[in-house]
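Asker: The listed protein sequences derive, respectively, from chains A and B.
First residue of the first sequence: 1, per the numbering used here; consecutive thereafter.
First residue of the second sequence: 1001, per the numbering used here; consecutive thereafter.
Nothing false has been slipped in among the hints.
Keeping only pairs whose Cα atoms sit at most 25 Å apart, straight-line, the calculated DSS-like set for lysine-lysine is: (1) B:Lys-1022 <-> B:Lys-1053; (2) B:Lys-1038 <-> A:Lys-3; (3) B:Lys-1009 <-> B:Lys-1041; (4) B:Lys-1022 <-> B:Lys-1038; (5) A:Lys-104 <-> B:Lys-1038; (6) A:Lys-104 <-> B:Lys-1040; (7) A:Lys-3 <-> B:Lys-1040; (8) B:Lys-1041 <-> A:Lys-3.
Listed next, with one range per pair, are the computed distances between beta-carbon atoms: (9) B:Pro-1061 <-> A:Gln-45: 25 to 31 Å; (10) B:Asn-1057 <-> A:Thr-56: 35 to 41 Å; (11) B:His-1010 <-> A:Asn-54: 38 to 44 Å; (12) B:Val-1012 <-> A:Ala-17: 38 to 44 Å; (13) B:Pro-1061 <-> A:Ala-17: 40 to 46 Å; (14) A:Thr-65 <-> B:Lys-1041: 28 to 34 Å.
Listed next, the stretches of chain B that the computed footprint assigns to chain A, with coverage defined by at least 3 CB atoms under 8 Å from CB atoms of chain A: (15) 1042-1048; (16) 1102-1109.
Bear in mind the hints are in silico, worked out from the structure with no lab data behind them.
Ideal Cβ placement from N, Cα and C applies to all residues, glycine included.
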Amino acid sequence: DAKTTQPTSMDCAEGRAANLPCNHSTISGNEYVYWYRQIHSQGPQYIIHGLKNNETNEMASLIITEDRKSSTLILPHATLRDTAVYYCIVRVEGGGADGLTFGKGTHLIIQP
Amino acid sequence: DTEVTQTPKHLVMGMTNKKSLKCEQHMGHRAMYWYKQKAKKPPELMFVYSYEKLSINESVPSRFSPECPNSSLLNLHLHALQPEDSALYLCASSQGFGWNTEAFFGQGTRLTVV
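So here's chain B without its partners, still in its complex pose (with noise of 0.2 Å):
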């Protein structure tokens, strides 16, 4: 199983609304993250999890949360957004340690905020 999945595929949210996306894999990786990809743009570096310990913190908002309950699983916390803030949202994992690791990445969250 090569599958990072995400879930749920797309969100309207109002920016009063609080609500969480979710990642998974199966793959035994120990490095996750989240990317944040506007239209048109590259996918931005937003969080790191290693050995399900934050590891790095790209500058993001406060009222993006991210959670790594446990090696499998993944969440984002979202609160107080932003029309701005609407995006498509990527989940990635890989091995987390040794040479040459490559990245996988799931099919993202579209995420609306009106």
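Chain A with its partners taken away, still in its complex shape (with noise of 0.2 Å):
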């Protein structure tokens, strides 16, 4: 799987746009970019995932470039329940099951 890289920690305040980067300049055709949060002493969450195309859905959008070696998550209306460590994880799909492999994330701090 790819690697990618995350700022190590962010702040937002809260009822703003959180803006969350993630570089990934070796991903491959096939890779697609997921993103999971986890809030303090909780098991990690799935909150979106994308190919190539830019999607949305209840919890965030995602933005991918055109290259597909960025990638942005953005949370419109940050909460301060939001406060979380965010992974960016790309990994091929298909097949069977594989696990996923974390990176260092990012600490997102929402002010209030």
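Once you've looked at the hints, go ahead and assemble the two chains, each given alone in its own frame, into the complex.
Answerer: This is how it looks when you write it as structure tokens:
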């Protein structure tokens, strides 16, 4: 699986959009970009994933650059409950189960 | 039901004890996973079960012994652990086949070895 690079930490004001970047310059054509988050003392939670088109769901939006070498997770209206470590993961899909390889992630702190 | 249930939530055990961690899901998922997470570190994959068969062992010491009695249950048997094995142990499940499958995680068992 391709390696990802994320900032160690970020702050965002409550009610504002939180934009979390991820670099994955060695991503392959068949690798998807996944985002998970882990709130303190809880298990990781799936947020969103995509291949090359932008994606949106009830939690967030995922913007993937045209060359697919980077992406941005957007939380449109951040709340205090969004304070968590956010992990960007790239992985090949299809076939069997192979587990997730977590990088260090970004610790997002939402400020009141 | 999109829940992965892990028991116990907390466990303290001595280095000579034998204990087991349990994980259960009723989503019909055919892949189940054990992860270990040390404080302020990301989760690390330990084992993967696919269709109730062990498919990946990430060079985990034999004092950790996984077991998958059926498609809904996953156990992790612990014996002769060391204090450095103290960590949060996370169980996860996923569909296990096809494309774009997300993983669902339990809340973890916080293990302390004394």
